[in-house]
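Got chain A sorted already, so can you dock chains B and C onto it with the hints?
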Amino acid sequence: MSAVLFFIAAIGAIAGAIGVVMLRNSFYSVLSLVCHLVSLAALFLLLRAEFVAAAQVIVYAGAVMVLYVFVVAYVGGGEEIPTRSGLRLLGPLLALALAVELCVALLGTALKGISGKGAPYLPGFGTPEHIGKLFLTKYLFPFEVASLLLLVAAIGAIVLARRRRGLEPDEELEARYHPPLPSWVGSMAEAGGLTHFEETPGRQEPPPSPESPARPETEPIGSQS
Amino acid sequence: MTATTFGWLVLLCPLLGTVVIGLGYSRLPGRTPGWIATAAIGLSFACAIVMLIALLHRGENHRELTSSLWNYASSVGVDAKLQILVDPLSVFMVLVVSGVSTLIHLYSISYMTSDRGYSRYFAYLNFFVFSMLLLLLAGNFLLLIVGWAFVGAASYLLISFWYRRTTATRAGIKAFVINVVGDVGLVLGTFFIFTHTGTLDFLHTFAAAPHVFHRDSTDLVVGCLLLLVGAFAKSAQVPLHTWLPDAMEGPTPVSALIHAATMVTAGVYLIARMHPLFELAPTAADVGAVGGCLTLLMAGTIGLAVTDIKRVIAYSTMSQIGYMIMGVSAGAYSGALFLLMAHAFFKALLFMAAGSLIGAMAGNQSLDRMSGFRRALPFTFGCFVIGGMALSGLPPFSGWFSKDDILAYLNHRGGGFEIMGIAGYIGAILTAIYTFRMIFRAFLGDPCPEAKELAEGHLAHAEAPTNPQTGEVEDTDVGFPGPEHHIAEREWPMKIAMGTLALLATVGGFLQIPGVDDAIRNFLAPTFAGSRLAAAAPTTGADWIGLVIGGAIAVVGVAVAYRIWVLAPGTATVIRERFAPLYQLFVNKWYFDELIDFTIVRPALWFGQVAETVLDRTLVGDVITGGTVGVVGAVSAAVRRAQTGFLRYYVALMLLGISGVVIYFLISS
Amino acid sequence: MAIGWYLVVSALIFSIGAAGVLVRRSPLVILLCLELMLNAANLALVAFSRMWGGEDGQVFALIVMVIAACEVTVGLGLIVAMHRRQLPIDVDDLRELQG
Numbered sequence: 001m002s003a004v005l006f007f008i009a010a011i012g013a014i015a016g017a018i019g020v021v022m023l024r025n026s027f028y029s030v031l032s033l034v035c036h037l038v039s040l041a042a043l044f045l046l047l048r049a050e051f052v053a054a055a056q057v058i059v060y061a062g063a064v065m066v067l068y069v070f071v072v073a074y075v076g077g078g079e080e081i082p083t084r085s086g087l088r089l090l091g092p093l094l095a096l097a098l099a100v101e102l103c104v105a106l107l108g109t110a111l112k113g114i115s116g117k118g119a120p121y122l123p124g125f126g127t128p129e130h131i132g133k134l135f136l137t138k139y140l141f142p143f144e145v146a147s148l149l150l151l152v153a154a155i156g157a158i159v160l161a162r163r164r165r166g167l168e169p170d171e172e173l174e175a176r177y178h179p180p181l182p183s184w185v186g187s188m189a190e191a192g193g194l195t196h197f198e199e200t201p202g203r204q205e206p207p208p209s210p211e212s213p214a215r216p217e218t219e220p221i222g223s224q225s
Numbered sequence: 001m002t003a004t005t006f007g008w009l010v011l012l013c014p015l016l017g018t019v020v021i022g023l024g025y026s027r028l029p030g031r032t033p034g035w036i037a038t039a040a041i042g043l044s045f046a047c048a049i050v051m052l053i054a055l056l057h058r059g060e061n062h063r064e065l066t067s068s069l070w071n072y073a074s075s076v077g078v079d080a081k082l083q084i085l086v087d088p089l090s091v092f093m094v095l096v097v098s099g100v101s102t103l104i105h106l107y108s109i110s111y112m113t114s115d116r117g118y119s120r121y122f123a124y125l126n127f128f129v130f131s132m133l134l135l136l137l138a139g140n141f142l143l144l145i146v147g148w149a150f151v152g153a154a155s156y157l158l159i160s161f162w163y164r165r166t167t168a169t170r171a172g173i174k175a176f177v178i179n180v181v182g183d184v185g186l187v188l189g190t191f192f193i194f195t196h197t198g199t200l201d202f203l204h205t206f207a208a209a210p211h212v213f214h215r216d217s218t219d220l221v222v223g224c225l226l227l228l229v230g231a232f233a234k235s236a237q238v239p240l241h242t243w244l245p246d247a248m249e250g251p252t253p254v255s256a257l258i259h260a261a262t263m264v265t266a267g268v269y270l271i272a273r274m275h276p277l278f279e280l281a282p283t284a285a286d287v288g289a290v291g292g293c294l295t296l297l298m299a300g301t302i303g304l305a306v307t308d309i310k311r312v313i314a315y316s317t318m319s320q321i322g323y324m325i326m327g328v329s330a331g332a333y334s335g336a337l338f339l340l341m342a343h344a345f346f347k348a349l350l351f352m353a354a355g356s357l358i359g360a361m362a363g364n365q366s367l368d369r370m371s372g373f374r375r376a377l378p379f380t381f382g383c384f385v386i387g388g389m390a391l392s393g394l395p396p397f398s399g400w401f402s403k404d405d406i407l408a409y410l411n412h413r414g415g416g417f418e419i420m421g422i423a424g425y426i427g428a429i430l431t432a433i434y435t436f437r438m439i440f441r442a443f444l445g446d447p448c449p450e451a452k453e454l455a456e457g458h459l460a461h462a463e464a465p466t467n468p469q470t471g472e473v474e475d476t477d478v479g480f481p482g483p484e485h486h487i488a489e490r491e492w493p494m495k496i497a498m499g500t501l502a503l504l505a506t507v508g509g510f511l512q513i514p515g516v517d518d519a520i521r522n523f524l525a526p527t528f529a530g531s532r533l534a535a536a537a538p539t540t541g542a543d544w545i546g547l548v549i550g551g552a553i554a555v556v557g558v559a560v561a562y563r564i565w566v567l568a569p570g571t572a573t574v575i576r577e578r579f580a581p582l583y584q585l586f587v588n589k590w591y592f593d594e595l596i597d598f599t600i601v602r603p604a605l606w607f608g609q610v611a612e613t614v615l616d617r618t619l620v621g622d623v624i625t626g627g628t629v630g631v632v633g634a635v636s637a638a639v640r641r642a643q644t645g646f647l648r649y650y651v652a653l654m655l656l657g658i659s660g661v662v663i664y665f666l667i668s669s
Numbered sequence: 001m002a003i004g005w006y007l008v009v010s011a012l013i014f015s016i017g018a019a020g021v022l023v024r025r026s027p028l029v030i031l032l033c034l035e036l037m038l039n040a041a042n043l044a045l046v047a048f049s050r051m052w053g054g055e056d057g058q059v060f061a062l063i064v065m066v067i068a069a070c071e072v073t074v075g076l077g078l079i080v081a082m083h084r085r086q087l088p089i090d091v092d093d094l095r096e097l098q099g
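Residue numbers (this note's numbering), protein chains in the order written: chain A, 1 to 225; chain B, 1 to 669; chain C, 1 to 99.
Just chain A, with the same shape it has in the complex:
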């Protein structure tokens, strides 16, 4: 019975993963990942990790993926132009090589435990009670650091994504984003004597905003791009 469940969940997870990679529309990729996460939660349950499975569904599939959905909605999926031929073959090839290696490494080793079903089951294994006890005794420090990390990430996200206040004149904005460099400083490209950075072919022009087509740098209040 558990074998059947295992295979269903495994196939769901792998299908979700393949879907993330192969689907063109990024919104569909996000949804595919949600499916993958739920399957993974099922796998966790099969491994008797109840709390982790719950956390996976609530936190991961619930919060993180919602965040993704918001951003995709804001940014827009966009049609993707197919990859340049360089990595199109090499990428999957490398991944295949990696998969083979990992399997060989995992299965071909002398790990004796993987052929069994695991240690004998203790009652309360995987329950929040046990995990909580571990968090507050043995792994207290990582617990606290992780919370600090969350704080830092939140602040970082706010700083990165905030809107600049008000309407600033062009030059100041220009200077803030592209400050004039002193003559002795330059990017590595300039220092190395390579040609000045040019517009690469195929670069998408920023969509002209309806209000001010001539000033693409400024942000009219209230407009979305």
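Hints are computed from structural coordinates only; laboratory data are not their basis. Keep in mind that this is a model prediction, so the values were computed, not measured. Hints may contain errors.
Claimed, not checked - With beta-carbon atoms standing in for the labels, derived distance ranges:
#1 14(A) - 644(B): 31 to 41 angstroms
#2 660(B) - 158(A): 37 to 47 angstroms
#3 81(C) - 5(A): 40 to 50 angstroms
#4 87(C) - 115(A): 50 to 60 angstroms
#5 58(A) - 644(B): 35 to 45 angstroms
#6 650(B) - 103(A): 20 to 30 angstroms
#7 618(B) - 81(C): 54 to 64 angstroms
#8 81(C) - 151(A): 16 to 26 angstroms
Unchecked claim - In silico lysine to aspartate or glutamate, EDC-like type, Cα no more than 16 angstroms apart, as pairs:
#9 133(A) - 144(A)
#10 589(B) - 308(B)
#11 138(A) - 56(C)
#12 133(A) - 56(C)
As the list claims (entries may be wrong) - One-sided excerpt, in silico: chain A residues whose CB lies under 7 angstroms from chain B:
#13 94
#14 97
#15 98
#16 101
#17 105
Positions of the beta carbon are idealized from the N, C-alpha and C atoms, including for glycine.
The following block gives chains B and C in isolation, referenced to the frame of chain A:
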């Protein structure tokens, strides 16, 4: 206190003088630096006299004293010590040098007044005297070389004293370069000798020499020849003599001190000090004697032709040193040193008098413009005459006794040396002729305009100060001579100094009258005790015959000069035209400057240019430096291409790396 | 099922995620593939924790989840900022850090 303590004091006084004047140069008012300097050297002379007395108190066999203050390096097998040697030879030289230096300092006090570089002058002069005394008192090769080099440096500083004059700085460089050639010879010669004897100490070297070297062994001959290179460079003998006439660019007292009485005699001292080595290497000694002989003849001929008064005296110095070198190489040690002493007296006197004469001429030095100063400058005239008579070897002045002492010895030794002796007599005639040429031209005859002005009591002034050699106009600020000129008749320090020297030049000869008293020879006997050559002295009778011949020759020379320049004034021009090529040869100093320029200076310049363009710019600049830079740049450019900026390439590389590592670990396990 | 099966699944998911990072051009999807890889690691951790019988692996997996959340936050903030500046949302075009 022992003799050696006073020896150290002799060295200390001028050093203190230099330091005091050098440090306080801007604070000492007026002529104080001059008085300090003179007092320092005077004190040194007093210590030298005490040193002499202390030495004489000891028995004859105990007169070679060494004293060492510091041992530099006893571990390398080199006995490098700060050591002086007090023995009759060094005491004699120190007395001469410090005595004459005191008088010259006294002279300079008034001569250099109004020169903006007054303190600098006395600091340098004291430093020079210190270096010379160090050279003389050195007890081992190390200090000798140190003193030798210092003396060369001091000579450079003093020759280019008026450093804004291009001619002076060029002359200073020329002197220094030739002196450095001599330094190299000295050091290499020391090395050749040291490799066999294993010691730098003089007394030990001389004791070991007969055991380590056999007669005329190659290393010893080479070593002595190299020492001769050093001696010839310092004493301005052919072929390293071209610096001495140019060194007359320095102030006249400098010429008097360095280029007459002291520095140029260092070569003579060197050969006298190294006499045990030279006696073991007769080849080298013969080379020395021949060199001295050639010099004295050549310099004598040039002295007949040049017209700059200081250069005439310079060539006479060269000639007299030639006598001394010839004598000291041949074995006439006491005679040569006697001439050294007498020469110091009368040559310094001549230079001082020349300085006074040049002062009266407002800085002009050309004999062509001087005449008839006899009434205007009586004291200077008297000094010139006394100095001239001593130089020519007229009896009973000091030059007569000393020069003919050497020539008698040479004739006594026979063989090739007898020929050199005859050459010496020829040189004596030339000496008398050019000396009195100078005196008759400058002092007799109709007074020139400057003499007339002076006879009326007014010292002549030139409209604008000029360089005596090139005639270009200068100013009188620091780096050029001062605006005032001084003559002996008006300055009492100059008078005292010149008068003392005139007295010494007159009576100095009486120290060594053959058969009557041999003061110098007896005093120097302990130093030359082991020398066979010194022992083979001519008899008193031979000495007196030589003296008579010499005196007669001198009188003949003076008479010839009188005939040419006083009795029949146009004769000189007639002779010059008749022997024009010979005259050209003499006036152009036997073309030695041109020869050296052609053989040494031009190839060196050419090599320098080649080195700059080919070696420096092309090889080092373009190939080595540029090549390295180019290679590094190219390699970096190639490596830089891996930084494409593509995120996914970076990830791919990372994955590739991880796969590689995992494969490696899989395989190796 | 034997633990080995879970590990195989984990390896497969990891490599699929790696392939996705290499192949896709939108930074958003690349972040999603990074999530895949992190999840694969989580699965392996939980599987091993089951094998050993201690919950340490699960604690580790929870921490990984926290980190993934932080990383997603910041990454998405970056993407929003890029969009604000009207920069192309394409990793191949954002390559000024080159040379």
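Tested hints:
In this structure the hint that residue 14(A) and residue 644(B) lie 31 to 41 angstroms apart at CB holds, the actual value being about 32 angstroms. For residue 660(B) and residue 158(A), the Cβ-Cβ distance of about 41 angstroms falls inside the hinted range of 37 to 47 angstroms, so the restraint holds. Look at residue 81(C) against residue 5(A): about 43 angstroms separates their beta carbons, and that is inside 40 to 50 angstroms. Separation of residue 87(C) from residue 115(A) is about 51 angstroms and conforms to the stated range, judged on CB atoms against 50 to 60 angstroms.
Between residue 58(A) and residue 644(B) the CB atoms are about 41 angstroms apart, so this pair conforms to the stated range of 35 to 45 angstroms. Between residue 650(B) and residue 103(A) the beta carbon distance is about 26 angstroms. The supplied range of 20 to 30 angstroms therefore holds. Taking the beta carbon of each, residue 618(B) and residue 81(C) are about 56 angstroms apart, inside 54 to 64 angstroms as hinted. Evaluation of the 16 to 26 angstroms hint for residue 81(C) and residue 151(A) yields a pass: the beta carbon distance comes to about 20 angstroms.
For the given pair, residue 133(A) sits about 14 angstroms from residue 144(A) by alpha-carbon distance, which is consistent with the 16 angstroms threshold. Between the alpha carbons of residue 589(B) and residue 308(B) the distance comes to roughly 13 angstroms, so the proposed pair stays at or under 16 angstroms and holds. A hinted pair counts as satisfied when its Cα atoms are at most 16 angstroms apart, and residue 138(A) with residue 56(C) qualifies at roughly 9 angstroms. Note on residue 133(A) and residue 56(C): the hinted pairing holds, with a Cα-Cα distance of about 11 angstroms set against a maximum of 16 angstroms.
The closest approach between the C-beta of residue 94(A) and any C-beta of chain B is roughly 5 angstroms, which is under the 7 angstroms cut-off, so the hint is satisfied. Checking residue 97(A) against chain B by beta carbon gives a least distance of about 5 angstroms; that is within 7 angstroms, so the hint holds. At its closest, the beta carbon of residue 98(A) sits 6 angstroms from a beta carbon of chain B; the interface hint therefore holds under the 7 angstroms criterion. For residue 101(A), the interface hint holds, the least distance from its beta-carbon to any beta-carbon of chain B being 5 angstroms, beneath 7 angstroms.
The criterion of a C-beta within 7 angstroms of any C-beta in chain B is met by residue 105(A), whose closest approach is roughly 6 angstroms, and the hint holds.
When the structure is compared with the earlier hints, no violation turns up for any of them.
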